[in-house]
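Q: Work out the full structure: start from the sequences and follow the hints.
Protein chains in written order, with numbering that gives the first Met the number 0: chain A, 0 to 78; chain B, 0 to 78; chain C, 0 to 144; chain D, 0 to 144.
Read the hints as simulated data drawn from the structure, not as lab findings. All C-beta atoms in this analysis are idealised placements derived from N, C-alpha and C, irrespective of residue type, glycine included. Be aware that a few hints might be false.
Said to hold, decoys possible - Simulated restraints on C-beta separations:
hint, chain 1, residue 1, chain 2, residue 2, range
1, C, H50, D, I131, 53 to 59 angstroms
2, C, A23, A, D56, 45 to 51 angstroms
3, B, E24, C, Q6, 38 to 44 angstroms
4, C, E47, D, G87, 44 to 50 angstroms
5, C, D133, B, P43, 23 to 29 angstroms
6, C, H121, B, N25, 33 to 39 angstroms
7, C, R28, D, E70, 31 to 37 angstroms
8, B, D19, C, Q6, 25 to 31 angstroms
9, B, E24, C, D76, 48 to 54 angstroms
10, A, N51, C, E47, 47 to 53 angstroms
11, C, S10, D, E70, 30 to 36 angstroms
12, D, D25, B, E53, 42 to 48 angstroms
13, D, D25, C, H50, 18 to 24 angstroms
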Amino acid sequence: MTIKVRYFASLREKMGRIDDTLVYENIATVADVWRAVSSGRPIPDHLLCAVNMEYADAQAEVKDGDEVAFFPPVTGGAR
Amino acid sequence: MTIKVRYFASLREKMGRIDDTLVYENIATVADVWRAVSSGRPIPDHLLCAVNMEYADAQAEVKDGDEVAFFPPVTGGAR
Amino acid sequence: MTVILCQSSFSPYAELEAYQQLMADDVKRYGATTIFVGTMRDLNLGDEVTHMNLEHYPGMTERQLGQIVSEAQARWDLLDALVIHRVGEITPGESIVLVAVWTLHRGAAFEACRHIIEALKHTAPFWKKETIKDGERWVESNTEG
Amino acid sequence: MTVILCQSSFSPYAELEAYQQLMADDVKRYGATTIFVGTMRDLNLGDEVTHMNLEHYPGMTERQLGQIVSEAQARWDLLDALVIHRVGEITPGESIVLVAVWTLHRGAAFEACRHIIEALKHTAPFWKKETIKDGERWVESNTEG
Numbered sequence: 000m001t002i003k004v005r006y007f008a009s010l011r012e013k014m015g016r017i018d019d020t021l022v023y024e025n026i027a028t029v030a031d032v033w034r035a036v037s038s039g040r041p042i043p044d045h046l047l048c049a050v051n052m053e054y055a056d057a058q059a060e061v062k063d064g065d066e067v068a069f070f071p072p073v074t075g076g077a078r
Numbered sequence: 000m001t002i003k004v005r006y007f008a009s010l011r012e013k014m015g016r017i018d019d020t021l022v023y024e025n026i027a028t029v030a031d032v033w034r035a036v037s038s039g040r041p042i043p044d045h046l047l048c049a050v051n052m053e054y055a056d057a058q059a060e061v062k063d064g065d066e067v068a069f070f071p072p073v074t075g076g077a078r
Numbered sequence: 000m001t002v003i004l005c006q007s008s009f010s011p012y013a014e015l016e017a018y019q020q021l022m023a024d025d026v027k028r029y030g031a032t033t034i035f036v037g038t039m040r041d042l043n044l045g046d047e048v049t050h051m052n053l054e055h056y057p058g059m060t061e062r063q064l065g066q067i068v069s070e071a072q073a074r075w076d077l078l079d080a081l082v083i084h085r086v087g088e089i090t091p092g093e094s095i096v097l098v099a100v101w102t103l104h105r106g107a108a109f110e111a112c113r114h115i116i117e118a119l120k121h122t123a124p125f126w127k128k129e130t131i132k133d134g135e136r137w138v139e140s141n142t143e144g
Numbered sequence: 000m001t002v003i004l005c006q007s008s009f010s011p012y013a014e015l016e017a018y019q020q021l022m023a024d025d026v027k028r029y030g031a032t033t034i035f036v037g038t039m040r041d042l043n044l045g046d047e048v049t050h051m052n053l054e055h056y057p058g059m060t061e062r063q064l065g066q067i068v069s070e071a072q073a074r075w076d077l078l079d080a081l082v083i084h085r086v087g088e089i090t091p092g093e094s095i096v097l098v099a100v101w102t103l104h105r106g107a108a109f110e111a112c113r114h115i116i117e118a119l120k121h122t123a124p125f126w127k128k129e130t131i132k133d134g135e136r137w138v139e140s141n142t143e144g
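A: As structure tokens, then:
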């Protein structure tokens with residue numbers, strides 16, 4: 000299976016890259032994706048996740064061809 | 000004493016005039032003004048009153064040279 | 000803070016653009032602007048309305064609007080506020096009232112703008128006379144929100 | 000209902016004027032328009048800000064804004080709504096976001112406009128990086144109101 004993983008804002012800077020393409024076979028959930036890109040760590044509490052551009056939680060299912068994104072809290076709109 | 004009395008909107012049409020100038024000597028309150036212009040009737044419940052362009056109630060004092068206005072409920076702004 | 004009574008049709012957005020251009024630099028610290036525009040509809044109480052006449056009390060209307068805006072300025076720390084209100088003959092589709100407030104943050108802007116339009120509707124001396132198919136009628140109650 | 004992400008400076012009032020001109024006649028039954036404009040300030044968290052970069056998630060940001068507006072339309076029976084949001088490099092004094100809603104009556108217009116800007120701030124994928132005297136910093140919490 001192939002999963003596109005995208006990072007935004009301060010997380011993108013911390014990761015040192017804008018995306019990854021995973022070809023693992025043992026990925027079932029968003030939490031599995033995070034473990035695969037972060038040397039086995041759990042998802043930090045404040046991080047937000049999306050699957051195919053919809054918000055998702057760590058237990059959300061991930062299928063072949065999905066796009067998974069991780070990013071810090073959003074700060075849209077005006078102050 | 001001289002009191003200018005003004006009427007607005009549907010009340011103006013009912014009175015058949017836009018204003019009166021009273022020269023009575025026995026006027027102390029807004030209620031007295033209304034009695035003088037309406038053949039001794041009390042102020043109808045829904046009518047609003049102003050003295051010198053500030054909202055006032057029936058018991059408000061009236062002095063020589065004051066402008067007293069009577070009008071129906073206001074309907075400002077947009078629907 | 001500016002209050003204008005306007006005898007003829009006005010464009011709320013042209014007025015806002017012009018007003019902001021003329022703001023002093025120290026006022027231009029705003030982060031939030033909330034605006035309300037009330038427009039005349041061609042339908043009221045189930046009847047088609049061809050036009051209406053908005054009567055006011057010259058002198059008291061301006062004074063009352065000024066008081067409403069001053070109180071809102073003090074209560075919500077407004078950087079600026081603009082109120083424009085039509086008087087006289089108005090046809091459907093025309094703007095009746097514009098309320099705009101400028102603040103540092105959005106909470107105050109929403110609350111102050113809403114407060115001003117509600118206070119205006121309930122206390123500013125304006126009276127509406129509508130022309131409908133069957134003749135003319137005074138509108139003597141306010142819609143609630 | 001229209002959602003626009005905008006790469007360069009925009010004039011909220013020119014956009015509103017143009018948008019209203021193009022409205023279909025059956026939409027022009029509105030009696031109330033409530034508008035919020037958020038403007039970049041030159042001060043945040045006590046520091047002077049020279050400019051900021053607003054990052055977004057192309058695709059998801061538009062989708063999320065579209066969902067917010069659709070839900071508001073259904074809930075408050077909006078006749079129309081316009082959201083314009085800047086992305087990229089922004090300097091103080093420039094508009095960041097415009098939210099406008101058109102309804103029959105003012106209560107729904109105020110509530111829907113406020114709801115949209117709050118939902119936008121808390122769920123739309125935008126991230127702010129400010130440039131201040133000492134360098135750059137990510138802004139990772141929202142002001143409440």
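Q: All hints, please: hold or fail.
A: Status of the hints after comparison with the structure:
{"no.": "1", "hint": "C:H50 x D:I131: 53 to 59 angstroms", "verdict": "holds (55 angstroms)"}
{"no.": "2", "hint": "C:A23 x A:D56: 45 to 51 angstroms", "verdict": "holds (50 angstroms)"}
{"no.": "3", "hint": "B:E24 x C:Q6: 38 to 44 angstroms", "verdict": "holds (40 angstroms)"}
{"no.": "4", "hint": "C:E47 x D:G87: 44 to 50 angstroms", "verdict": "holds (48 angstroms)"}
{"no.": "5", "hint": "C:D133 x B:P43: 23 to 29 angstroms", "verdict": "holds (26 angstroms)"}
{"no.": "6", "hint": "C:H121 x B:N25: 33 to 39 angstroms", "verdict": "holds (34 angstroms)"}
{"no.": "7", "hint": "C:R28 x D:E70: 31 to 37 angstroms", "verdict": "holds (33 angstroms)"}
{"no.": "8", "hint": "B:D19 x C:Q6: 25 to 31 angstroms", "verdict": "holds (27 angstroms)"}
{"no.": "9", "hint": "B:E24 x C:D76: 48 to 54 angstroms", "verdict": "holds (50 angstroms)"}
{"no.": "10", "hint": "A:N51 x C:E47: 47 to 53 angstroms", "verdict": "holds (49 angstroms)"}
{"no.": "11", "hint": "C:S10 x D:E70: 30 to 36 angstroms", "verdict": "holds (31 angstroms)"}
{"no.": "12", "hint": "D:D25 x B:E53: 42 to 48 angstroms", "verdict": "holds (45 angstroms)"}
{"no.": "13", "hint": "D:D25 x C:H50: 18 to 24 angstroms", "verdict": "holds (21 angstroms)"}
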